[in-house]
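Work out the full structure: start from the sequences and follow the hints.
Chains W and F supply the protein sequences, listed in that same order. Each residue of the first sequence is one higher than the one before, counting from 1 in this note's numbering. Each residue of the second sequence is one higher than the one before, counting from 1 in this note's numbering.
Derived from the structure by calculation, the hints contain no laboratory data. Check the hints yourself; a few may be wrong.
With a cut-off of at most 25 Å between alpha-carbon atoms, the simulated DSS-like pairs for lysine-lysine come out as follows [said to hold, decoys possible]:
id, chain 1, residue 1, chain 2, residue 2
1, F, Lys-3, W, Lys-141
2, W, Lys-173, W, Lys-132
3, F, Lys-108, W, Lys-258
4, F, Lys-3, F, Lys-22
5, F, Lys-81, F, Lys-30
6, W, Lys-638, F, Lys-311
7, F, Lys-311, W, Lys-504
8, F, Lys-723, F, Lys-691
9, F, Lys-108, W, Lys-504
10, W, Lys-638, F, Lys-691
11, F, Lys-81, W, Lys-130
12, W, Lys-598, W, Lys-616
13, W, Lys-353, W, Lys-386
14, W, Lys-636, F, Lys-30
15, W, Lys-616, W, Lys-638
16, F, Lys-236, W, Lys-132
17, F, Lys-3, W, Lys-504
18, W, Lys-130, F, Lys-69
19, F, Lys-319, W, Lys-126
20, F, Lys-3, W, Lys-132
21, W, Lys-408, F, Lys-723
22, W, Lys-130, F, Lys-236
23, F, Lys-363, F, Lys-353
24, F, Lys-319, W, Lys-636
25, W, Lys-126, F, Lys-71
26, W, Lys-616, W, Lys-627
27, W, Lys-598, W, Lys-217
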Amino acid sequence: MSQIVKEGTNVMDDNRSVCEATIEMLRYAEAGNYDTAFQRALKVKPCPIGATGSCCKHCYMGPCRFNPKKPEESVGVCGADINTVAARNFARAVAAGTAAHSDHGREVAKTFIAAARKEVPGYEIKDEVKLKALARDFGVKTEGRSNEEIAEELGQKCLREFYKQDEELVLIKRGPEKRTQLWRELGVTPRGIDREVVELMHRTAMGVDQDYKNIMKQASRCSLSDGWGGSMIATELQDIMFGTPIPLRTQVNLGVLKKDEVNIIIHGHEPLLAEMIVRASRDPELINLAKQKGAKGINLAGMCCTGNEILLRQGVPMGGNFLQQEIAIITGAVEAMIVDVQCVMQSLPSLAKCFHTKIITTSSKAKIPSAEHIEFHEHDALNISKKIVRAAVENYHNRGKVHIPDNKTDLIAGFSHETINYMLGGSFRASYRPLNDNIINGRIRGVVGVVGCNNPRTPHDRSHLSLVRELIANDILVVETGCAAIACAKDGLLIPEAATAAGKGLREVCETVGIPPVLHCGSCVDNSRILVACSEMVREGGLGTDISDLPVAGCAPEWMSEKAIAIGQYFVSSGALVVFGVTWPTSGSEALTNHLFKEYENIFKGRWAFEPDAAKMASLIIDHINKKREALGIQKTKERVLYDMEARRTLEV
Amino acid sequence: MSKLIATRVIRGANKLVARAEKSLNEALQKYGPDKKVEFPNTAYFLPISYGMLGMKITTVGELQQLLGKAKSLLHPVPAEKVWLPYLGHTLDCGMATLFADEIIEALKYLQSPLPYMVMENCPEEGNFWLGAADDVIMRKRGVEFVDGTAPGFAACVGACPSTEIAVKIARELQEKSIYVFMSAANNGTSMADQLREAGVQMGWETRLVPLGSDVTATIHALGFATRAALAFGGVKPGDFSRVLKYNKNRVFAFALAFGEVDDEKHAQAAGAINFGFPAISERDIDRILPTGVCTYEHVVSPVPVNEIVQKAIEVRGLKLHVHKIPIPVSYGPAFEGERIRGEDTYLEMGGTKTPAFEFVTTKNINEITDNKIEVIGQEITDIPAGTQIPLGIVVAVAGRQMQEDFEPVLERRLHNFLNEPQGVFHMGQRDNNWMRISKEAKEKGFKLSHLGTIIHAQFHNEFGAIVDKVQVKIYTKEADVLKNREVARQSYRKRDERIGSMTDESTETFYSCTLCQSFAPTHVCVISPERTGLCGSYNWFTCKAAYQINPRGPNQPVLKNEVVDAARGQWKGCNDFVYQASRKAIAAMSFYSIMSEPMTSCGCFECIAAVLPAANGVMTVNREFSGMTPAGMKFSTLAGTIGGGQQIPGFVGHSKRYIISKKFLLSESGLKRLVWMPKMLKDEIKELFNKRTTEEGMPNLLDMIADETVATTEEEVIAHLQKTGHPALTLAPIMG
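Rendered as structure tokens:
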């Protein structure tokens, strides 16, 4: 764990981040004595028992802690062994992550139904093509029906995915047949999303499931209900309501804050409110008000995944990633930070007290005592949004000393599954064929999803950047979501010019298509787009018959959230190699870790791995991809096939 | 890098769409929106908009929606820095270009004088641009793409560096049997102008097809490709994705750009890339090497002109089976259509001028010597220019697999083999053949003995599985010719008796032909002695021989097994075979019925028969007839309706020969149902037709059958039937 920041490291040590804006602001914060996660991480030592998954607090005969040095020798009061305990902890993280993504999906589905009924002014059906495509997946008739009729039935059917009991989730059929068949054989095909979370919570309670392999089976089923259920429903319905992302150009990093405008940061994870804030910020009346208050206009910036949602669809610039939320306030230039759910630090209101910044919580599910709360209801979304924006505008004159770093970088974002399909062949030849072809011919060695968070236990953004740079230099196309994407965007890897940092083959493909070597696919629920993309690669042909045959991998080098574990688990259960950095939460149990790292290969043909060193992580992934290529028989360059009439007759038309 | 190409394509597309808009606005002013627009004699409307979008454009006004579609596909050029992905935009702009081209080209057909010659071959003088191919040409040539005689086409854009190079490239492509479609110009000169200057014969027959001097005329090459997918692939209009995939995987075409490649030419190339057709340029226009939309590279440049054809073939992924024959002139199907005028003729044989014949006979393997070629009598070198001499060609073949039954099959191929050398012309067969050898060929060293060289080489190439030895004797002395002709004539008679006496009942085995499945995936021909293949070129013997030659090929024996229905001509074995071979699309097939489960049609049919319900009969129309029929549709429209492997009661494709078969529509009372056919078809089959009807006791039936001189509507047909007392009127209702 070479990169974990040692206790006592000085904040002034620039090794805390590789983001220049962040370094500059950390120095400024230090000078002003402002508290940040970077400093707290030094003060709060990770609990050594919890860090290895060796603490059981699921009943009050304990909590029982297991000696990490001799775990096999100790058992809990109830007799539970370390394997059960570590599996319970890991599985409950999966349940929590699944709950987070899926509760997001549920809110979207409810708003979607309300939009179809025209009960929520401002929300509408924007992508008719996608509406009909998803309707077909759900067996909703489209012919001779209005978009609203289709949408209402579709929304109801999506909502039903959460509460239904025994039927399989509808969208798993998007996966390769071989994979869905394997799930059935293993008994991990997800049913109702809520049911899977509830069942996992039940089975990890005191005295229930005490076979770690059996617990992990339900963890897989639960995670699959996230990736192929809750997250996917969120992504799909958001695309239909707010528009499927298409490539656009915008900017990232704290430099997007403006000295002479009202700055509003939208932070959290859902687009429902954020989309309306975008509209409200363009309201002429409010812009006028801002001008009356002496500002030149209203400037929106995103943060974390709410930021990603409106970046992809509206081109709203991105202030920064998870570890920059406090720093943004320290600029003194933010009139209001509006938050919804997830990854919002409780420290924000107390830090904001040092400045004029208003922290406005908006979700009934997520309040912070000293923050201002303006509750968001989709039924009156635009008015509430205007109220929030107005509060920010009216706060402008309270602004004090401002320190905005200059750093901002261009990026291209918007690589939805649909965009990838289109950009590879235009309207008439849209397909994944060019991607598959160039993987087969070796110009692209493979595709890796680099996702996940920031974690102050490792230098901010550093692993993301060194890993991604190494991967693209080895002709691996990188797809990203969440804070990983923002990290690379800040480093300039998300512009097409970055192809010069890629290997020759990948560079050629990037130059043909006009893309960056690192593709921004969206927020963390949008990891479902990567599942769809993998399935499409299988369907397009030439790369095997299952996701596990593909030369692909996933990784989260700077993860910290339980959501990352849920995502990792559904990728592994879908047949991918998933590598985590920073720390590994089951290391207390050798048996469980071995199960996840090795035995899974024989069960799911996918597995977990842990490697905190970015360079080693890269070579682990490259090795894995090379092995997959070898198995597919595409590692060696093949001679060009020339077709005579007879050979042509074997080609599909 | 390829951003440069994207930029030029997008710029070119924007220019061409603007030009189309200007032309369209002028046409709207001049002619009004209701003025008809069409390409000549086609059922596929304007083929690109019909194939890609399903639009049936027939008026100037309707072109506006196509223009709208083109505009919607335009994009701005990529930004200098931090550009958005441009490949999708580039390909869309390519398609917008094709729509713009089609608007511009359609409007040209309203001009007077017409800038195009509506004909198959270029006139020797004056305007030689042919524009859009009509459906007759498209179907005839399409067949060559089906059977592989034409491995693909080269869309040559611009002018070659010199006339000599233009001729060299044209010959090189001709030798590889690749069609050459020429369009666009550099400084007013195009490749076709260069060929004309060099006196090269152009037109569909020689596979050197000048489309138009405007860059927009390139659309006629892609229109041809689109129609191939619709006509032979059974692709539904508007199903753009299948039209394009079909072209990527079946029609192996590519673009060759000569001279400077401007923005508009770049835009055409992007349109072609949508079809999977790559572009190769002699100038450095940058490269797009990663694969995917095309099978291999998309744009390759610069390629020296002397390597460009070879490079293009490799880039397109085309494998050619070219057997080099040791003769001093070029050789290939592209030279079949060459004319040799009287004044250019060095030596003439047969025709009506001198006695001549050609004959293939089977010998014992010990009796002959392989590759022994003898000219008995004078060689061309002994004869002065402009002479007419007798000619007897006797080909003796031997092989363990050779059967007497195959003799006519081999002999029939002599026509193709002897017509394919450059400067040699061949027509007819048996004892009514006719040959000319040009002065140019003689100058290059072509001799009569080379006829033997060709026959020897080609028989081994094509019939290697059945033929081990080939010996050729060429007689030029009249006495020898007459004597040997008698021997041949005895054989011809014996064969006719044998083939004439064969009936469907006399054999247990029919043969399938799925050659066209490359183009029409659900179509299956089953060929019986009394019903030849609908293309007219495969009869039962041909198929039998083909099966012997290639036991895993498209001609397979089909055991009839028990009779399902004798009158309709259905056998269980045939139905089972068709069901499997049609990929379970066709469950049963009648050999002798048009009304009940008729045979499917690929698109290669010589004739189409259609029921005329009110006349209580059936009409049939041949491919060459371009006029209106009493069915209310021209041949091309009918062909569009029934082609592509569909089974449509009331319509059936068939060969000319089938009309005079005793099994012709047996289930619907045979020839008595035939109430209309074009006069040209009547004339063509007159002799055999009358022989058949005389046997049936209806010697005057041909006159009772209406043709376009008396009837082009069903009412007129009925009037003619009543006037002549045609038997159809007294038959049971056909629609019963």
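*asked:* Can you confirm whether the C-alpha distance between Lys-616(W) and Lys-638(W) stays at or below 25 Å?
replied: violated, 30 Å
*Assess, step by step, whether the Cα of Lys-108(F) is no farther than 25 Å from the Cα of Lys-504(W), and give holds or violated.*
violated, 47 Å
*Is Lys-636(W) within 25 Å of Lys-30(F), Cα to Cα?*
Not satisfied, since the Cα-Cα distance of roughly 63 Å exceeds 25 Å.
_For a C-alpha distance cap of 25 Å, please report whether Lys-3(F) and Lys-504(W) respect it._
With Cα atoms ~16 Å apart, Lys-3(F) and Lys-504(W) stay inside 25 Å; holds.
_Holds or violated: Lys-81(F) to Lys-130(W), with C-alpha atoms at most 25 Å apart_ = violated, 31 Å
*For the pair we were handed, Lys-311(F) and Lys-504(W), check the Cα-Cα distance against 25 Å.*
holds, 23 Å
_Pairwise hint evaluation, Lys-353(F) against Lys-363(F), where the allowed Cα distance is 25 Å at most_ = Not satisfied, since the Cα-Cα distance of roughly 31 Å exceeds 25 Å.
*asked:* So if I understand the rule, the pair passes when the alpha-carbon distance is 25 Å or less; does Lys-236(F) with Lys-132(W) pass?
replied: The given pair, whose Cα atoms are some 22 Å apart, holds under the 25 Å limit.
*Straight-line Cα separation of Lys-408(W) and Lys-723(F) no greater than 25 Å?*
violated, 92 Å
*Restraint check for Lys-130(W) with Lys-236(F), where alpha carbons must lie at most 25 Å apart*: holds, 24 Å
*asked:* Next pair to validate is Lys-319(F) with Lys-636(W); report whether the Cα-Cα distance is within 25 Å.
replied: Within the cut-off at roughly 23 Å; holds.
_Against the 25 Å threshold, does the CA-CA distance of Lys-126(W) and Lys-71(F) hold or violate the hint?_
holds, 22 Å
When each numbered hint is compared with the structure, violations occur for hints 1, 3, 4, 5, 9, 10, 11, 14, 15, 19, 20, 21 and 23.
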